[in-house]
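K.L.:
Using the sequences plus the hints, can you model the full thing?
Protein chains in written order, with the numbering used here: chain F, 1 to 153; chain A, 1 to 115; chain G, 1 to 293.
Please keep in mind that the hints were generated in silico from the structure rather than gathered at the bench.
Where a beta carbon is used, it is the ideal one built from N, C-alpha and C, also for glycine.
Be careful, since some hints might not be right.
[Said to hold, decoys possible] The calculated label-pair distances, taken between Cβ atoms and stated as ranges, are:
1. F:Q13 to G:S84: 29 to 37 Å
2. A:M36 to G:A239: 18 to 26 Å
3. A:G101 to F:W7: 47 to 55 Å
[Said to hold, decoys possible] Using 25 Å as the maximum straight-line C-alpha spacing, the simulated SDA-like pairs for lysine to any residue come out as follows:
4. G:K39 to F:A3
5. G:K39 to F:R80
6. G:K39 to G:V20
7. G:K39 to F:L4
8. G:K39 to F:M1
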Amino acid sequence: MRALEPWVGPPLQEFLAESSARVTLLMTSAGQVVAQHGFTRSLDVMSAAALGAGIMASTDELARLMGSGRFGAMVHQGARQGMYLSAFDTPRGRWIGLVVFGPETSVGLVQLFFQQFVDELAAAAPPEAPQGPVLAENFERELNASLRALFGR
Amino acid sequence: MTGYREVLERVSAVGGIRGTMLVAAADGIVVAESLMDGIDGRAVAALTASLVGRLRRTTASAGLQAPTVMHLRAENGSVLAVPAAGDLLIVAVTERGANLGLARLEMLDAARQVA
Amino acid sequence: MSDPIRAMTAELAAEPGSLVFLDLAELLRRRGQLAAALKVAASGVARYPTLADAHDLRARIHSDLGDSEAAFDAWMDALELDPSHVGAHKGLGFLYFRAHDPVRALRHLETALTRSDDPGLHAAIARVRAAVTEADQAPPIDDEPPPAEGAVRAMAGDLPFSLVEGPASSATPSDSDLFAGFEGARDGLLLLDAQGMRLGGGLRDADGADVADAVAAHLAGVSREAARTARLLELGAWASVSAECGDGNLHLCAPTAEAVLLTVRDSSIPAGRLALLADRAAAAARRWLGGTA
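P.N.:
Encoded structure:
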């Protein structure tokens with residue numbers, strides 16, 4: 001498991017242990033990866049994060065057209081594994097969780113422990129440090145630092 | 001769904017039953033429920049379905065037929081589960097000291113009615 | 001710095017593109033100098049990213065460092081380069097076994113066996129087969145002698161894992177005292193530790209086949225799930241799980257915090273009476289466990 005921010009680690013670890021999920025990706029609504037577990041290729045992470053954020057954005061727009069409130073989560077069930085995608089609010093903004101699971105668990109368990117995970121994230125998030133002005137060079141350095149922290153390189 | 005609710009309410013009427021549900025066994029999600037306050041239906045559905053799945057694999061490995069009644073007994077109450085048609089489960093959460101024998105019979109009857 | 005390490009270090013310094021980094025990093029790993037080993041291996045991987053052996057070596061070091069995730073990734077990298085890499089399959093087999101996924105573990109170990117006739121690998125596979133938990137179990141190995149614990153330990157010594165995680169699956173010398181006087185002592189009463197390893201008793205199906213190991217592989221998961229369910233539903237500590245089947249009934253309870261007891265009878269014994277039988281057997285198990293502690 002790799003997490004961009006250390007406080008995400010323990011709640012994510014707990015979620016993984018209880019839900020028996022195979023793959024978990026946590027991202028901002030813009031598709032920036034916050035934490036991952038189970039992916040072995042950074043390219044997969046990038047693609048999945050972009051696609052997951054895109055799906056949620058499309059779903060939100062669909063809900064708006066329908067005059068409905070935002071949909072909390074969606075489940076896709078395949079023959080051998082399923083995918084659970086859920087957006088939720090955090091003190092850091094709106095994040096998205098993408099969870100891939102197999103027959104060793106169930107969507108019910110994933111949903112149950114994902115909600116618990118969201119609650120624990122909210123409790124664990126430290127107060128956000130005030131941000132300085134964003135300069136191009138700072139952005140590049142911060143991006144590189146984030147990638148190093150996430151992928152351990 | 002009204003039919004399911006009536007079936008579940010008959011089970012819930014047994015002394016000491018805190019709630020009864022119809023659960024999709026494979027997914028661990030609620031299909032119908034008749035619950036008292038303080039029972040987390042989603043948790044009951046997900047956890048019971050998972051336990052039932054493990055028990056089924058255990059009995060299969062022992063060369064036994066699939067279970068018809070499953071019972072988790074704990075310090076402060078019990079969870080009972082009876083399979084019904086369509087890979088559904090009738091699940092009941094009971095207090096300590098509930099009339100388990102009657103609950104079991106009502107659940108078996110309820111399972112026959114869910115077709 | 002010892003001579004072989006000194007010599008290899010000098011060779012690598014003189015020729016950075018040398019493959020001696022493989023031997024050097026492996027020697028450092030075996031000597032426990034993991035930070036240095038990782039540095040050498042990482043540098044070698046950077047220079048030879050398509051060399052599966054380099055990724056395998058990196059995985060072993062990560063595993064020694066306790067970083068299973070990084071080890072997993074590195075072995076997967078090795079497999080991408082060489083889908084039949086023996087070391088990668090062995091490593092992934094042990095990782096999955098440690099993660100209580102014996103089916104995947106078995107798949108990897110059996111793949112390794114197609115390229116290596118290591119006797120320790122045979123022993124490890126026999127051990128993992130006993131723990132397969134999915135419905136499509138591998139058939140029992142009836143035509144091979146039971147694995148010698150020494151062979152399994154020798155194999156495990158090759159890798160940074162301990163495959164032998166609990167007491168031997170065969171009954172202890174005093175097993176005959178465990179359920180003495182109980183009907184079904186050898187075929188309807190099974191005592192396990194919390195990890196699902198057999199402590200005593202036995203279980204046979206209606207045809208007389210020994211199903212104890214196959215059932216034991218499931219029971220640790222059942223007891224953990226029962227404990228979790230009771231806890232999260234705020235029902236307190238779990239006491240027992242029972243199942244009524246058309247042709248038999250079973251009852252699972254925990255005589256102590258570190259053991260689980262399974263009692264199985266045919267359907268002529270109703271669930272209530274089975275629970276009483278199980279209580280008596282649990283008391284016997286507690287006395288026996290107290291004597292073997």
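K.L.:
A separate judgement is required for each hint: does it hold in the structure or not?
P.N.:
Hints, verified against the model:
Checking the proposed 29 to 37 Å range against Q13 of chain F and S84 of chain G shows it holds: the Cβ atoms sit about 33 Å from each other. Restraint check, M36 of chain A to A239 of chain G: a C-beta distance of roughly 22 Å satisfies the suggested window 18 to 26 Å. The supplied range of 47 to 55 Å is met by G101 of chain A and W7 of chain F, whose beta-carbon atoms lie about 50 Å from each other. Our distance criterion of 25 Å between C-alpha atoms is met by K39 of chain G and A3 of chain F, whose separation comes to about 23 Å.
Under the criterion of a C-alpha separation no larger than 25 Å, the hint pairing K39 of chain G with R80 of chain F is inconsistent with the structure, at around 39 Å. For the suggested pair K39 of chain G and V20 of chain G, the alpha carbons sit about 14 Å apart, so the restraint of at most 25 Å is met. Only pairs whose Cα atoms come within 25 Å are accepted, and K39 of chain G paired with L4 of chain F is accepted, the gap being roughly 23 Å. In summary, the hint linking K39 of chain G to M1 of chain F is supported, as the alpha carbons are separated by about 21 Å, within the 25 Å threshold.
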